[in-house]
Amino acid sequence: MAVCIAVIAKENYPLYIRSTPTENELKFHYMVHTSLDVVDEKISAMGKALVDQRELYLGLLYPTEDYKVYDYVTNSKVKFVMVVDSSNTALRDNEIRSMFRKLHNSYTDVMCNPFYNPGDRIQSRAFDNMVTSMMIQVC
Amino acid sequence: MEVAAGGGCGAGPPLLLSESEQQCYSELFARCAGAASGSPGPGPPEATRVAPGTATAAAGPVADLFRASQLPPETLHQITELCGAKRVGYFGPTQFYVALKLIAAAQSGLPVRTESIKCELPLPRFVMSKSDAEIRFGNPAELHGKKVQIPYLTTEKNSLKRMDDEDKQETPSPTMSPLASPPSSPPHYQRVSLSHGYSKLRSGTEQMQPASYETRQPIGQPEGSSSEGPGSKPLRRQASLIRSFSVERELQDNSINYPDEPWRITEEQREYYVNQFRSLQPDPNSFISGSVAKNFFTKSKLSIPELSYIWELSDADCDGALTLPEFCAAFHLIVARKNGYPLPEGLPPTLQPEYLQAAFPKSKWECAIFDSYSESMPANQQPCDLNRMETSVKDMADFPVPTQDATTGDDKQALKSTVTEPLPKDLSEDTATNSGLLPPPPALPPRPCQTQSEPVTEADLHPQLNRAPSQAAESSPAKKDAPHAQPPSKPIRRKFRTENQTTESQEPAAAVGGAASAAVVKPHPTVQKQSSKQKKAIQTAIRKNKEANAVLARLNSELQQQLKEVHQERIALENQLEQLRPVTVL
Chain A
22 MAVCIAVIAK ENYPLYIRST PTENELKFHY MVHTSLDVVD EKISAMGKAL VDQRELYLGL
82 LYPTEDYKVY DYVTNSKVKF VMVVDSSNTA LRDNEIRSMF RKLHNSYTDV MCNPFYNPGD
142 RIQSRAFDNM VTSMMIQVC
Chain B
122 MEVAAGGGCG AGPPLLLSES EQQCYSELFA RCAGAASGSP GPGPPEATRV APGTATAAAG
182 PVADLFRASQ LPPETLHQIT ELCGAKRVGY FGPTQFYVAL KLIAAAQSGL PVRTESIKCE
242 LPLPRFVMSK SDAEIRFGNP AELHGKKVQI PYLTTEKNSL KRMDDEDKQE TPSPTMSPLA
302 SPPSSPPHYQ RVSLSHGYSK LRSGTEQMQP ASYETRQPIG QPEGSSSEGP GSKPLRRQAS
362 LIRSFSVERE LQDNSINYPD EPWRITEEQR EYYVNQFRSL QPDPNSFISG SVAKNFFTKS
422 KLSIPELSYI WELSDADCDG ALTLPEFCAA FHLIVARKNG YPLPEGLPPT LQPEYLQAAF
482 PKSKWECAIF DSYSESMPAN QQPCDLNRME TSVKDMADFP VPTQDATTGD DKQALKSTVT
542 EPLPKDLSED TATNSGLLPP PPALPPRPCQ TQSEPVTEAD LHPQLNRAPS QAAESSPAKK
602 DAPHAQPPSK PIRRKFRTEN QTTESQEPAA AVGGAASAAV VKPHPTVQKQ SSKQKKAIQT
662 AIRKNKEANA VLARLNSELQ QQLKEVHQER IALENQLEQL RPVTVL
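Sequence lines, in order, name chains A and B.
Residues in the first sequence are numbered from 22 upward in steps of one, following this note's numbering.
Residues in the second sequence are numbered from 122 upward in steps of one, following this note's numbering.
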């Protein structure tokens, strides 16, 4: 379903980027990068009052001609950005949410590893496998 | 028949041996001496140094034999002292015979006194010795043939290394398999080792190893070769052992089904892992936190990504903490990795926590299985801890810090002889090293460099080691550092022993200096005290340095990370600058 999944750290540098290999990866990287601005905008727009119960799932950031970009922010400002093929119209919001939930769970598992320093690139194979499984479903 | 033991024995009374006793003793002695003379290390050096031409029994086989008598360590110490081996520094025929007689006396319930040996006694019973010999002789093909798993497994055990020694030098001779029979011995040894906290463990596991890897002969051998009276006793004993340890036999049988799997944790390894766990977390039912485990495993000197991956594999519930089975699995993976095995894609079935908990029942974890010995492990861990610490100390001493250097080939050869030495020493080290073991595992020493630099000093150490098992004070400081250094790494045991010996030798050698070789026959206490103090000081210093190294390494990695972040910020800023610059500049 997803063609590209990225995990962005709080400081807006990527911890993990994975795209389907058939596509031009750079394009996806660029899209993810530009989406960060939108994310920041949304976060600041939410205001301080909503900080406690801030919706982690930000939803559709913006649609482009081919793709849709979804985003999910954790409480520690780690952003999960997902680029989805627009032709996959059957993709519902709930499915996206569940995918993000899985991502978040895997991410916390990675965090639990004491050998992982927050801010490192994510090299966990379990995380890789999970992301790959989400992406393979596209084809 | 009389053996005038007055000269050799400290007490002086002539030793009266019956025919059967004489026969049995001489055979035992021949075996021990033969094993000693076969191996390059311990036998000849001490023999040549001490009494050229005199047949001496190496401390290793003798110690094994004594332990096989299943007497408590204190008794064995007493016996060793009484028989005079400690005094003269070696086990000559007289000392050996006196010792055997004392063992028989002790086994009959008599106090260990020289007067005890004056009366008629049954022959001493040794349950383990046969299996030891069989292990030595039965394993050459497997040990040298299957490079992949056997070396891995053999490296896990010092005793196997010793076996290799004797294997290479002696042709497997079924006739040498003496008194005890193997089939029940592995489980028995497990029990015994646990209860005694000895390196019996090693022998037990070494027993298990060959048993699981070969469909042997051992079963046939004992019957055939044990023709003497003593043989029948171990057989009877063995029968009872078989009955009582059917469960462990099954366990062993399970292991037989997977002889090729490097992911199978052997009993000995398990003991070691459990002891390490205890050193980090006294309660075996709770778990080790992530940071504690991280510090511990970092000492294994594996790269952080690998350690991260190992953690990922072993922490099945991803809770950031390791329970005992998870810890064992992680430790095992680390050991395997250090031995050169590539990390598996997924957790092997034998390392799954459920499997580990099923295979090694709770009672083992709590060392509460065996209750037929006075030292049986109660359910509470405190007394167990003591013995386990002892075992772990011994084990850790024997399995020093791993090294991935493959340069230990010659070291191995040179050091194989040393394997036997620490074993008798370990007997006495336990209590002394206990205190040294309990503090949190210090940073690992740079053993590889030590290893390579100090193969020569072992010779110095041999005399000391050979002298008597009761060099607790002396060896304990050496062992202290070795245990501390080992924690996560249990790679190739040969290397360990090499390093262990190296460390021991270099420290005592450094401490004792040239006096080591010269002081062979000097009275032991003074030399021991002196060297032990120096050893302790050196070890403390080494430990501190290692800790500092570990801290600095971590600091370095953190700083690297910060550097990366700063780089990225800089890139972002430069991009902004580019955007802000007026276009007309171009």
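Worth double-checking, as some hints may not be accurate.
[To be verified] Incomplete in silico selection of chain B near chain A, CB under 8 angstroms:
1) Ile425
2) Asp436
3) Cys439
4) Gln689
5) Arg691
It should be emphasised that the hints constitute simulated quantities derived from the structure, not laboratory data.
Even for Gly, the Cβ is constructed at its ideal location relative to N, Cα and C.
**OP:** Just pull the numbers of the violated hints for me, sorted ascending.
**Re:** Hint check: 5 fails alone, others pass.
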